[in-house]
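J.: Protein chains in written order, with my numbering: chain A, 2 to 362; chain B, 2 to 362.
Everything labelled a hint here was simulated from the structure, so no lab data went into it. Misleading hints may appear alongside valid ones.
A pair counts as met if it fits within one copy or between any two copies, since identical chains are not told apart.
[What the hints assert, rightly or not] Straight line, CA to CA, 30 Å or less: simulated DSBU-like cross-link-like pairs of lysine-lysine: (1) Lys187 to Lys128; (2) Lys118 to Lys320; (3) Lys99 to Lys187; (4) Lys303 to Lys322; (5) Lys353 to Lys284; (6) Lys187 to Lys317; (7) Lys271 to Lys53; (8) Lys56 to Lys322; (9) Lys284 to Lys322; (10) Lys281 to Lys118; (11) Lys85 to Lys128; (12) Lys303 to Lys15; (13) Lys284 to Lys325; (14) Lys78 to Lys280; (15) Lys284 to Lys15; (16) Lys284 to Lys113.
Fair warning: this is a prediction, and the values are worked out from it, not measured in the lab.
Protein chains: 2
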Amino acid sequence: MAGVSKVAPTPLLKDELDIVIPTIRNLDFLEMWRPFFEQYHLIIVQDGDPSKVIKVPEGFDYELYNRNDINRILGPKASCISFKDSACRCFGYMVSKKKYIFTIDDDCFVAKDPSGKDINALEQHIKNLLTPSTPFFFNTLYDPYREGADFVRGYPFSLREGIPTAVSHGLWLNIPDYDAPTQLVKPLERNTRFVDAVLTIPKGTLFPMCGMNLAFNRELIGPAMYFGLMGDGQPIGRYDDMWAGWCMKVICDHLGLGVKTGLPYIWHSKASNPFVNLKKEYKGIYWQEELIPFFQSATLPKDCTTVQSCYIELSKQVKAKLGKVDDYFLKLADAMVTWVEAWDELNPSGEKSVENGVVAK
Amino acid sequence: MAGVSKVAPTPLLKDELDIVIPTIRNLDFLEMWRPFFEQYHLIIVQDGDPSKVIKVPEGFDYELYNRNDINRILGPKASCISFKDSACRCFGYMVSKKKYIFTIDDDCFVAKDPSGKDINALEQHIKNLLTPSTPFFFNTLYDPYREGADFVRGYPFSLREGIPTAVSHGLWLNIPDYDAPTQLVKPLERNTRFVDAVLTIPKGTLFPMCGMNLAFNRELIGPAMYFGLMGDGQPIGRYDDMWAGWCMKVICDHLGLGVKTGLPYIWHSKASNPFVNLKKEYKGIYWQEELIPFFQSATLPKDCTTVQSCYIELSKQVKAKLGKVDDYFLKLADAMVTWVEAWDELNPSGEKSVENGVVAK
């Protein structure tokens, strides 16, 4: 062959995926992601002071929403979108018109695999989302759909087709995602272990979903990806992604959708202030002792076949059962309803019935 | 320091662990394991022709049982121990007087980690068994008790003590543990991926337990580690470890005991004949489609607080529900009872009540 083509190959799902970034600062971190993100569309959700100008490096295709935009677009329903907290990112999920979302924090950089090669996190998320999940039985060699792997002896053949994957949860090298108490106790701990695996979280099992490096199929699960009421005027922070993860997992288990965790890694550059975090978290730390049993025992009725109807049902259960824990959950339950109403307003194609992970036409 | 001590350090649990090896051949494979096994006691279960002499390399401390020994020791109850199948290994669990068992196949060799260092599989199993399990909530950074890792943000603090670990399931590099159909379809597939992780199998989730590289706490779960009726005179083979794994997991979930999988790896040297395997497996391949739902929905009554009482209760459910699948399961259910009776005869210190994973004194 004479000459090597300089044309970059079209990246996977180029026109079907939006990258959602919540931020309060200039997006210099995008420079490092340029080779991987430049051909995708970005949705930037500016938190805090809307008069501040956020600089985005040249050459990126983006739309940016600040608080004024959110208020204008949602009107009174803007109350469901958090302010001064990265929970505001879920506004980006709502205004996207794409099938897939990848969301990443602006203190996350490109990690290297053990061979020293830059990890294309987005590509791995897409692989995770485009291959099935296996939540009904555990495969000891991890993701059976990966090259060089398969289902092991004793894995029922009837379960080998798997089910559609709704969520791909990626991990972090360097600064691990610890709570404030653990940060305080282990200020120097860094995650240096590259675990070369992707696995399905089994049905009926909850996990702590972190929003730092996360992708999902918006068509399958979007309306459940609400990051709650956090930050300004709220008694709690840093539980936005956790809340979304617990709600989402209960609904995925009910609808027959899969959730994966593991690869890809990003490089998390900076630990947030543990003292500030403790102030945000401390109510969550004791509330979650009641939230986890609540979500572990939550069941949804059979006639809830859309994500929206599941989510509304869950909001009722939150109000009925968690309202006793604190009045905050009454407010949150109302905000969950507002969120779904706002979602449906901005996405008028309507609810889609999902049965065993398949979206009805 | 003048001079380096040549005295090897006392290995972990030296006097509390037996290594159980089922075999039909000379145990030359032990040469490679010498640095890791030499200070432990071996229980060799000789399968097949009892008149054959099995050679064990010099310097190992062992006891060896052939079929004549099994018949002599168990009398009529010897019927529960399989013949001409590696399922016979469970006889070794029964005659052991130690707290822990490690069992390994004689075609398994020492694997190397990615840095080229020999992996001390037994040491890793012991670490797995001596640290708690976390089956009630998934930790995304895998084993939270490992150096350099911890529970991540959002992990309930009340669950961070974990529960006692009953079983450690190790994996295999080189020849993966595939069933006959997968072996036939992918004859050249080799497992080259070293996944540097140990994780707890969540509560309520079943997995395919392989007997090739397996350790367990005999005091906590021993009587549930029955490898069933396989091989000579039976309609099925190669489901011995699977059967044990399903029964064991249901009982661990009931009693509050943990099961881990992942590290350590061994090097599995030789694929067994897929045509022979297919003959052994084919009934299992369709039976397991009914076995998995049976075990997934099996529940044990609260008053079953010993492994023995759980196992007897499970045998009744097998008889009542799986007897319809095939008469074989009626025979197997009876053998389960015989197994527990034989276990109690050889281990007269009696049943131990386990509540939330704690053995009552």
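J.: Does each hint hold? Answer for all of them.
T.: Now the hints, each set against the structure:
no., hint, verdict
1, Lys187 to Lys128, "between (34 Å within a copy, 22 Å between copies)"
2, Lys118 to Lys320, "neither (48 Å within a copy, 56 Å between copies)"
3, Lys99 to Lys187, "neither (40 Å within a copy, 38 Å between copies)"
4, Lys303 to Lys322, "both (20 Å within a copy, 27 Å between copies)"
5, Lys353 to Lys284, "neither (36 Å within a copy, 41 Å between copies)"
6, Lys187 to Lys317, "neither (39 Å within a copy, 50 Å between copies)"
7, Lys271 to Lys53, "within (23 Å within a copy, 65 Å between copies)"
8, Lys56 to Lys322, "neither (44 Å within a copy, 67 Å between copies)"
9, Lys284 to Lys322, "within (17 Å within a copy, 48 Å between copies)"
10, Lys281 to Lys118, "neither (37 Å within a copy, 45 Å between copies)"
11, Lys85 to Lys128, "neither (33 Å within a copy, 44 Å between copies)"
12, Lys303 to Lys15, "neither (36 Å within a copy, 55 Å between copies)"
13, Lys284 to Lys325, "within (14 Å within a copy, 53 Å between copies)"
14, Lys78 to Lys280, "within (28 Å within a copy, 64 Å between copies)"
15, Lys284 to Lys15, "neither (41 Å within a copy, 47 Å between copies)"
16, Lys284 to Lys113, "neither (36 Å within a copy, 47 Å between copies)"
Checked against the numbered hints above, the structure breaks hints 2, 3, 5, 6, 8, 10, 11, 12, 15 and 16 and satisfies the rest.
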